[in-house]
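**Student:** For the protein sequence lines, the chains are A and B, in the order given.
Counting with our numbering, you get residues 157 to 602 for the letters of the first sequence.
Counting with our numbering, you get residues 2 to 298 for the letters of the second sequence.
Check before you lean on any hint, since a few could be wrong.
Simulated restraints, written as ranges between beta carbons of each label pair [stated by the list, open to error]:
1. B:Val46 with A:Arg318: 24 to 30 Å
2. B:Thr92 with A:Ala248: 41 to 47 Å
3. B:Phe42 with A:Thr235: 38 to 44 Å
Some residues of chain B that are not near chain A, with every Cβ distance over 12 Å (derived) [stated by the list, open to error]:
4. Val24
5. Thr48
6. Thr54
7. Ser59
8. Ile103
9. Leu138
10. Glu204
11. Leu236
12. Gly260
Treat the hints as calculated values from the structure; they're not laboratory data.
Note that CB positions come from ideal geometry on N, CA and C, so glycine has one too.
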Amino acid sequence: MAVATPPAGPSATTVPPPPGRRPWGRWLIAGAFLAPAALFLGVWIIYPTISTIIRSFYDRDGSKFVGWDNYRELFTSDTLLTAIRNNAIWVAVVPILVTAIGLVFAVLTERVRWSVAFKTAVFMPMAISLFAAGVIWHLMDQKDPDIGTINATIGAVYDKVRPPGALSSGLPSSSALTGSPSSGLTLAKPVPAGGVATLGLTGIPPDQVPEGARQAVRPPPREGAVSGVVWRDFKPGGGTPGRLEKGELGLPGVQVSVKGANGGGGGSATTGDDGAFRVDGLAPGDYRVSISSATFREPFGGIDWLGPSLIKIPGMGAYIWVWAGFAMVVIAAGLSALPRDVLEAARTDGASEWQVFRRVTVPLLAPVLSVVFITMIIYVLKVFDIILSVAPGSTQDDANVIAVALWRTAFGGVNDFGLGSAIATFLFVLVIPVLLLNVRRFRREN
Amino acid sequence: MGVATPAEELAVPVVRERTSARVLRVLGRTPVHLFLVLVGFLWLVPTVALFLTSVLPSDQINSQGWWNIFSKPSLFTWENYREIFNNDAITSSLLTTLWITIGGTILPIVIASAAAYAFAWLEFPGRDWIFIVVIGLLVVPLQMALIPMFSLYNDLGIFDTVISLILFHTAFALPFAIFLLRNFFAGIPKELLEAARIDGASELRIFLRVILPLGLPAIASLAIFQFLWTWNDLLVALTLGRDTQPITVAIFSQLRQFGSNLDLIAPASFVSLAIPLVVFFAFQRYFVQGILAGSVK
Numbered sequence: 157m158a159v160a161t162p163p164a165g166p167s168a169t170t171v172p173p174p175p176g177r178r179p180w181g182r183w184l185i186a187g188a189f190l191a192p193a194a195l196f197l198g199v200w201i202i203y204p205t206i207s208t209i210i211r212s213f214y215d216r217d218g219s220k221f222v223g224w225d226n227y228r229e230l231f232t233s234d235t236l237l238t239a240i241r242n243n244a245i246w247v248a249v250v251p252i253l254v255t256a257i258g259l260v261f262a263v264l265t266e267r268v269r270w271s272v273a274f275k276t277a278v279f280m281p282m283a284i285s286l287f288a289a290g291v292i293w294h295l296m297d298q299k300d301p302d303i304g305t306i307n308a309t310i311g312a313v314y315d316k317v318r319p320p321g322a323l324s325s326g327l328p329s330s331s332a333l334t335g336s337p338s339s340g341l342t343l344a345k346p347v348p349a350g351g352v353a354t355l356g357l358t359g360i361p362p363d364q365v366p367e368g369a370r371q372a373v374r375p376p377p378r379e380g381a382v383s384g385v386v387w388r389d390f391k392p393g394g395g396t397p398g399r400l401e402k403g404e405l406g407l408p409g410v411q412v413s414v415k416g417a418n419g420g421g422g423g424s425a426t427t428g429d430d431g432a433f434r435v436d437g438l439a440p441g442d443y444r445v446s447i448s449s450a451t452f453r454e455p456f457g458g459i460d461w462l463g464p465s466l467i468k469i470p471g472m473g474a475y476i477w478v479w480a481g482f483a484m485v486v487i488a489a490g491l492s493a494l495p496r497d498v499l500e501a502a503r504t505d506g507a508s509e510w511q512v513f514r515r516v517t518v519p520l521l522a523p524v525l526s527v528v529f530i531t532m533i534i535y536v537l538k539v540f541d542i543i544l545s546v547a548p549g550s551t552q553d554d555a556n557v558i559a560v561a562l563w564r565t566a567f568g569g570v571n572d573f574g575l576g577s578a579i580a581t582f583l584f585v586l587v588i589p590v591l592l593l594n595v596r597r598f599r600r601e602n
Numbered sequence: 002m003g004v005a006t007p008a009e010e011l012a013v014p015v016v017r018e019r020t021s022a023r024v025l026r027v028l029g030r031t032p033v034h035l036f037l038v039l040v041g042f043l044w045l046v047p048t049v050a051l052f053l054t055s056v057l058p059s060d061q062i063n064s065q066g067w068w069n070i071f072s073k074p075s076l077f078t079w080e081n082y083r084e085i086f087n088n089d090a091i092t093s094s095l096l097t098t099l100w101i102t103i104g105g106t107i108l109p110i111v112i113a114s115a116a117a118y119a120f121a122w123l124e125f126p127g128r129d130w131i132f133i134v135v136i137g138l139l140v141v142p143l144q145m146a147l148i149p150m151f152s153l154y155n156d157l158g159i160f161d162t163v164i165s166l167i168l169f170h171t172a173f174a175l176p177f178a179i180f181l182l183r184n185f186f187a188g189i190p191k192e193l194l195e196a197a198r199i200d201g202a203s204e205l206r207i208f209l210r211v212i213l214p215l216g217l218p219a220i221a222s223l224a225i226f227q228f229l230w231t232w233n234d235l236l237v238a239l240t241l242g243r244d245t246q247p248i249t250v251a252i253f254s255q256l257r258q259f260g261s262n263l264d265l266i267a268p269a270s271f272v273s274l275a276i277p278l279v280v281f282f283a284f285q286r287y288f289v290q291g292i293l294a295g296s297v298k
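Turn these sequences into a full structure, and let the hints guide you.
**Tutor:** Here is the structure:
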């Protein structure tokens, strides 16, 4: 219990002691005020820290001394190396982004009158547990664009730029049509101007028949035009392939292109509710009629954010969502403490806002920025909850970080306390520079 | 900022030029306003998304996006919330969370204020050195304590109890709490303490009657912090509890079947974050002060 038996050091008197009391009496009083804290720090932090370090040199149940074996495993096992590598990515990406975003927000809100509303919105996630934040983003990042907000947003834009086709599947109903949905389906025999083309498709499930489809109708032929019909060549009971029968539906919205068989002329048309189409103004001759592959273009299917290759992004995104507010608030406080006259002087000298920001604001803020940055490094090294809730079970191995690996090794099934202790000690060693930095800063200030 | 004073408008042309430059600057800031509106809105969307998902009918929660509620308001239902409040596992988890949070907030504050008083105003050998130890403990990851405490709790027979979780949270709250309160207490005017001491007040009396009332703002900040910290904990409860499940652990155990349990996960998660949010909005000022005192100092 290092706290209870302190090393001898200089003692500073803050208030002259009341007369008449012996020093050890005053020490006793101080001891009484300190004792509960000393007990807690000793039993719950100092003892376990020492114990964990020692334990890291023993095997899984603590019966055998194994030297550096656990550490060797820490740096050779694939799982743990992945965790360390992922954590390194987190440390490289997240603190810098959080600090940068916080800085941008703080600077932009500085002279905005309604900044309180903005700051509240951005700061609010700080009150939410990282675990719940992970649940939120697990939901936001679902692959299905019908549920996942991110993919729904991307999908809305994507489908505007590249509209999905009227059909998502469909096969030729007879050998009259050749090709495939991905390359487009073409009638094997060219159709002369004034002729009628019949393009029968099968393999379209009832729920994928476009809305508004009616009984297919074979349009009458017309001079100087290729007319035709695209229909679902199937009715309850089957029907005869290649023949347009009663009970078979036209396929609306299908893009049909008509091209001169020898290269010249042509046009395109979209089928109506009865599946009929017509391309007018054609010179005499033969024409190739085809259903373009755009008809079969799939709608946006969603990006698999929570899949193995991208899973780190949602995790880091969620983390930044939570912590940006912290950075913003701390940096904004630092900003408001900056000497106004220096900034104004720079502006009066004709510096642009960007120059003021780059050459005056940022250098003056450096101490605050480094506090935010270092704080974030400490937290990011220990990131845990958000991984467990953002990453689904199937990709948690890909999202693994040190704290998660530690928990899984020691408690989540493996139950190897020796290796677990080594991972914990490794984590501890990583924060020691910050520990020393804190101590140095305190001693300088006092 | 940006608004010209009458004096400037009446002044020489050079100044008037500056005024117009300012008008331009205000106009030039319109994109900034738009950007901030957009970002502020984006920052709110995820939380709103969770809430609106939680009020979708349970049979459609997996097929409907929450945004469909705007076009089909009839989808809105409290059914999922009725379900979770009738679910004993969830309600008892919420109670467990509450007990852990109350204990884990009050206990560290009491213990840390006493210690902080000693560090700030009492004289004893090695005071600065011991305080440096406390500062050193600030960044010790609580992961360092999990394995030994797991064993110790089992040996003592207090594993999987609310008390053992409170004690753990208390210990790991102390370094920051002592640090924060000591800095605040040290700023209390010396004369107040001297006067009390000359009047013959005991240290305990000074602590209770002078320090604590004056230290209330810092204690309030700390209380908010601790409340949020313990309420939001997952790791400690997951490791040192089994049947003692706070709400985070209860939801965690449902996550494996995210799709089929979303009608429970969404409302339970929202309840679990609504309470800290209420605390946050009620005491936002203290929360921000605490963050600033803790990080910038």
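**Student:** Please go over all the hints and tell whether each is borne out by the structure.
**Tutor:** Hints versus structure:
1. B:Val46 with A:Arg318: 24 to 30 Å: holds, 25 Å
2. B:Thr92 with A:Ala248: 41 to 47 Å: holds, 43 Å
3. B:Phe42 with A:Thr235: 38 to 44 Å: Given about 40 Å between the Cβ atoms, the range holds.
4. Val24: holds, 15 Å
5. Thr48: The claim is violated: Thr48 (chain B) sits with its nearest Cβ about 7 Å from chain A, within 12 Å.
6. Thr54: violated, 6 Å
7. Ser59: The claim holds: Ser59 (chain B) sits with its nearest Cβ about 14 Å from chain A, beyond 12 Å.
8. Ile103: holds, 17 Å
9. Leu138: Label violated. Min Cβ-Cβ 5 Å, cutoff 12 Å.
10. Glu204: The assertion about Glu204 (chain B) is violated, with a minimum of 5 Å to chain A.
11. Leu236: Leu236 (chain B) is in fact no farther than 12 Å from some Cβ atom of chain A, at 5 Å.
12. Gly260: Violated, because the least Cβ-Cβ distance between Gly260 (chain B) and chain A comes to about 9 Å, which does not exceed 12 Å.
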